[in-house]
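Enquirer: The chain contents come next:
2 protein chains.
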Amino acid sequence: MLNTTDPRTGAVTPTGLDATAPEQADTIVRAAQAAFADVAGRDRAWRAGLLHALADALEADRAGLVAVADRETGLGAARLDGEVSRSAFQFRLFAEAVREGGYLEVAIDHAGQTALGPAPELRRMLIPIGPVAVFGSSNFPFAFSVAGGDTASALAGGNAVVLKAHSSHLETSARSFAVLSEAAGAYGAPDGLLGIVYGTAAGAALVAHPLVRAVGFTGSLHGGQALMDIIAGRDEPIPFYGELSSLNPLVITPGAAAARATEIADGLYGSFTLGSGQFCTKPGVAFVPAGADGDALVARLVERATDAAASVLLNERIATSFDDIRARLVAAGAVDVLARGTEGAGTDGGAGFTAAPTVLGVEATALTAEIAEEAFGPLIVVARYADDGEILAALDAVPDSLTATVHSEPAEVEAVTGLVAALAPRVGRIVFDGYPTGVRVSWAQHHGGPWPATNSQHTSVGVSAIRRFLRPLAYQDAPEAVLPAELRDGYRGIPRRVDGRLQLD
Amino acid sequence: MLNTTDPRTGAVTPTGLDATAPEQADTIVRAAQAAFADVAGRDRAWRAGLLHALADALEADRAGLVAVADRETGLGAARLDGEVSRSAFQFRLFAEAVREGGYLEVAIDHAGQTALGPAPELRRMLIPIGPVAVFGSSNFPFAFSVAGGDTASALAGGNAVVLKAHSSHLETSARSFAVLSEAAGAYGAPDGLLGIVYGTAAGAALVAHPLVRAVGFTGSLHGGQALMDIIAGRDEPIPFYGELSSLNPLVITPGAAAARATEIADGLYGSFTLGSGQFCTKPGVAFVPAGADGDALVARLVERATDAAASVLLNERIATSFDDIRARLVAAGAVDVLARGTEGAGTDGGAGFTAAPTVLGVEATALTAEIAEEAFGPLIVVARYADDGEILAALDAVPDSLTATVHSEPAEVEAVTGLVAALAPRVGRIVFDGYPTGVRVSWAQHHGGPWPATNSQHTSVGVSAIRRFLRPLAYQDAPEAVLPAELRDGYRGIPRRVDGRLQLD
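Line order of the protein sequences matches chains A and B. Quick note on this note's numbering: the first sequence kicks off at 1 and runs consecutively. Quick note on this note's numbering: the second sequence kicks off at 506 and runs consecutively.
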């Protein structure tokens, strides 16, 4: 039987859940394949309704979900309550996208004469791919886990989903799954459209399974690489969408430091300690100008961190890893410990897994890849720079990331343009005068970035995440009766590209 | 020095070209990176103009290109002339797409209150990724080689391209490259935007090079897997877009056989022998109904093949492989040799590499994966079936493919719907009452399919092929001055999604 651990106290209790045996995983994937085939005949309105039913069900069990997740993650009721809202919002946003239909990328080229002679008629749209395996992350037990964006986007596209429950919140996973699968059943979805497995071996079996057509993963670089190795051993390779590791450099210009030192220090403190620093978008290195304004900003940041108590981390592995990496960074030459909050018991006074906010300092000219390592937890490296050239040189030591952030004043636009040109090739999102933590769920969002942030050219947050779980299918000179409704000439109400010209409806 | 071989005669002559040394390949990739950075500041109109200049230059050297390609490939002047036109057309179509701007997938979400509280402004578009390595195919020395669709789509997206010349048409590659790079230079493109390497080792060096951001490949499953292995060994994985292997099943219904036996037999003969059967979309297995109508169709197909002389294949490797696979298929139990044209000298009477059109027969119930192996060359397996159930069962032995084809009569729509439901998950394009060879270049085309046809969910022909070489970048709360023009509020003339609503301009 599998256990769960309260990270506030370290107390271990049995969950009542067993690790899924490989043959059970096979049964679950086969049921997902059967359900996938079953729902292929249902229209977009049906699927949008399903997504709404899942959103409603999550909110209906809000209190229960938050309670179990709080016990398993220590993230606190307020944050988890917001995360349930966010998960429900994601399902509803994908429902809106499914109804709108632009995601189908419908294109119709009528037959006719072309510069290359007579050409046949072609009608193309995106179609779902089959069962998708989704590995949730530890740090978002709802929004990037069983009820998260990968699940929502895969279902929105018309796929079946088999989840791998995260070992760090098994009961939250089980309860989320029960809520979603019961709501799906009540709505009329076939059994098996959603499945779940528990345990590392069952997760590996999912990724290796011939019927699984893609993998969505949010987690560590190490974990992602293990799954990529399994995929490399498959007879048929499948896409792996991994959201893996990110340092998220943040730059404060001299103008911003002069104008807003305290405000930025407070904002930065809030961002790097949010959720105990366990955000993939946590700013891990901040470039602060040398001189009095930068000194004032750093002093305020140090004051905030020094005054703080340790906060709870998600699990023992993360706590151990955080301690190890922090020790490595501190031991690296050229690094000063500028602040370290009160270590010891967690916020609730228990004997669980905690870490104190930590601010390290380094000269930008001394920043190395060794120092620019992601420490998952409340730690930030402040790199002091004399001029933009030092930032640009130091960026070569910083791994490509999900985000970069620039704080500046309007008069500095020329310098900022240079910074943006240097940052753009390295990240997936550039934030101005704000903080990278807090990822808006919307149409224009992009949550991704060059390796090692992700291994794909797609987003895992926002509407276009659906594209990961679709593929094109073209019909050439097809009789109208065999065409999907959206590809017929008379169909209205979705954007389509007809003979090269985009039409709204 | 590298040699070239005339496949009609087997005569080997020196090319004057040397294999590219690994350090030269590095220099070429670095030049591509520098050129990529240089063109990042040029607008879409500039890039569209570049694509037109390349198209014009290809057509201006049409006679010279065709002559050298004919000598190296034996494909014949008429076909090669058409292929130059097709390549030029591709460049121009991508120019049109670049001007139209929809491929940028611009999305803008303004700041405001949402169901989850206040949200920042986000503006996202697709941006180029960097130098792309392109491996051309043997069988299309223009349209899928140096001057082919991967080159056109990668350049259209704003990337630099480094080509690996195919060993089977080195001089065609060199001449195509000279034409394109001179035209690019004359237009004002920086040196290095296009590069080329020769030889297997240099090709491997390209795929392993840290600055190369993606690989486009059209070729054999074996060759593709070798490149995927190199990618697996990189520190940073990059996307590999392989178009690899395809059997392309074709189904003739009883109604179609009754109504059009001779017409379909003639069409099928033309399709499976087109370009000596060296098309990735060649129909490799045709399901023909049992009974008199099917007998008549097969008799006509056999008559056409029996009367035919051998035709030239592209190179010795393909000729040897064709002979080996044909021998294996013939040796497989349950297979009958229904027709085999006159073997020996090629169409031009030389001592080159040739193959005679070959028709093999099998009962659909006896079709195995062993028999359903792609033979690259003029060979088709005719599988006779008693009912649709036999087709559906036999399809499990057929590898997933780029295309499937159905010939039927209007009264059979119900049966055809069932066939289409079975074929759709297995292919990327379904052709009705036509032939899969001949791939229209247009907005709605899809040239791709489930493994082993390709390893991606993208197309390698048609406008959306550009998506392979782009990635999203989002700007959050950015000052207008640092935004790309297409992301500013006042910009007009391209489709954009603003606050979730698609707008045409």
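Just so you know, these hints were derived from the structure itself, not from any lab. For clarity, every value in this text was computed on a predicted model and none was experimentally measured. Hints may be right or wrong, so weigh each one.
Calculated Cβ distances over 12 Å to all of chain A for the following chain B residues [unchecked claim]:
hint, residue
1, Gly554
2, Glu626
3, Ala837
4, Ala839
What follows is a set of in silico ranges between Cβ atoms, one per label pair, in the way DEER data are often shown [what the hints assert, rightly or not]:
hint, chain 1, residue 1, chain 2, residue 2, range
5, A, Glu23, B, Asp734, 27 to 35 Å
6, B, Thr825, A, Glu370, 23 to 31 Å
7, A, Glu23, B, Asp841, 39 to 47 Å
8, B, Gly894, A, Asp43, 49 to 57 Å
9, B, Ala898, A, Glu370, 55 to 63 Å
Glycine included, C-beta positions come from ideal geometry on N, C-alpha and C.
Enquirer: State the violated hints by number, sorted upward, taking the hints as numbered earlier in the document.
Expert: 2, 6, 8
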